[in-house]
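Assemble the whole structure, with the sequences as input and the hints as a guide.
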Amino acid sequence: MKPFIICEHVGFGYENQDAVVDLSLEVEPGDYLCIVGANGSGKSTLVKGILGLLKPTSGKLAVAEELRRSGIGYLPQQTAAQKDFPATVYEVVVSGTLSRRGNRPFYSKREKSLAGRNMERLGIYGLRRQCYRELSGGQQQRVLIARALCATKQMLILDEPITGLDPAAIQGFYRLVKELNQNDGITIIMVSHDIHNVVTQANKVLHMQQRALFYGSAADYRKSAAGREFLGEGPEG
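To convert, note that position 226 of the sequence shown is 268 in the numbering used here; the numbers rise steadily by one, no gaps.
Note that these hints are calculated values from the structure, not bench results.
Every residue, glycine too, gets a C-beta built ideally from N, C-alpha and C.
A couple of the hints might just be wrong.
What the hints assert, rightly or not - Simulated crosslink set (DSS-like; lysine-lysine; CA at most 30 Å straight-line):
| id | residue 1 | residue 2 |
| --- | --- | --- |
| 1 | K220 | K265 |
| 2 | K97 | K195 |
| 3 | K102 | K154 |
| 4 | K90 | K195 |
| 5 | K151 | K195 |
| 6 | K44 | K265 |
| 7 | K102 | K90 |
| 8 | K220 | K44 |
| 9 | K97 | K154 |
| 10 | K44 | K125 |
| 11 | K97 | K44 |
| 12 | K151 | K125 |
| 13 | K125 | K265 |
| 14 | K90 | K154 |
| 15 | K102 | K195 |
| 16 | K265 | K154 |
Stated by the list, open to error - Computed spacing ranges between beta-carbons, pair by pair:
| id | residue 1 | residue 2 | range |
| --- | --- | --- | --- |
| 17 | E275 | E162 | 38 to 46 Å |
| 18 | E275 | D126 | 36 to 44 Å |
| 19 | E70 | S100 | 22 to 30 Å |
| 20 | D262 | E162 | 37 to 45 Å |
| 21 | D126 | E70 | 17 to 25 Å |
Structure follows, in structure tokens:
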């Protein structure tokens, strides 16, 4: 099977300022890739490039036709205003089908059914009539994942998804994402600062500082200079 995403010496930037430089990587179907690095290292810029919101300033970015057809589910970082959104759980989830709806004024029976199945899949069907802003942080994240799954069957991109969650909700979130990856075959790209958990969850790690300081398996990342420093384990000796 061909890679979903291929970056060959790709660069991205804003107003003559480089944010991502000379980056090469491949995301295969079924991968669970975590992107880590300090603030301002280009992580979110790369995500915008993968989503097609930014054009490369150099190099080549190829997205598989299969992925273009099926779409990518995206969970951006939540703002305070989004957490206070006055809509029902069902309304938030079914809005994930908007790209399928086109110019039709109403959701189809198929789209409503898809929303229902994804709410059941995420264990939130019983919350469907509740107001989104009344939910806990962990419940809100499940709603947003169900919404994203209405947009794709292939890939989820999660940008700092555990921000603001309590420790129990964080572990529940990681279990859920791993289940979607391993049981449902959904490819995961996650931007995260939670590096200690990330290396136990992902199969690949990209550590960025505009360029790739490391790209490879999570096991190899633990042994790398970048990984040991970022994990606070010091140099090997």
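Hint-by-hint comparison with the structure:
no. : hint                       : result
1   : K220 with K265             : 23 Å, holds
2   : K97 with K195              : 25 Å, holds
3   : K102 with K154             : 38 Å, violated
4   : K90 with K195              : 20 Å, holds
5   : K151 with K195             : 18 Å, holds
6   : K44 with K265              : 29 Å, holds
7   : K102 with K90              : 15 Å, holds
8   : K220 with K44              : 22 Å, holds
9   : K97 with K154              : 34 Å, violated
10  : K44 with K125              : 37 Å, violated
11  : K97 with K44               : 22 Å, holds
12  : K151 with K125             : 28 Å, holds
13  : K125 with K265             : 38 Å, violated
14  : K90 with K154              : 29 Å, holds
15  : K102 with K195             : 25 Å, holds
16  : K265 with K154             : 47 Å, violated
17  : E275 with E162: 38 to 46 Å : 42 Å, holds
18  : E275 with D126: 36 to 44 Å : 40 Å, holds
19  : E70 with S100: 22 to 30 Å  : 24 Å, holds
20  : D262 with E162: 37 to 45 Å : 38 Å, holds
21  : D126 with E70: 17 to 25 Å  : 38 Å, violated
Of the hints listed earlier, those the structure fails to meet are numbers 3, 9, 10, 13, 16, 21, in rising order.
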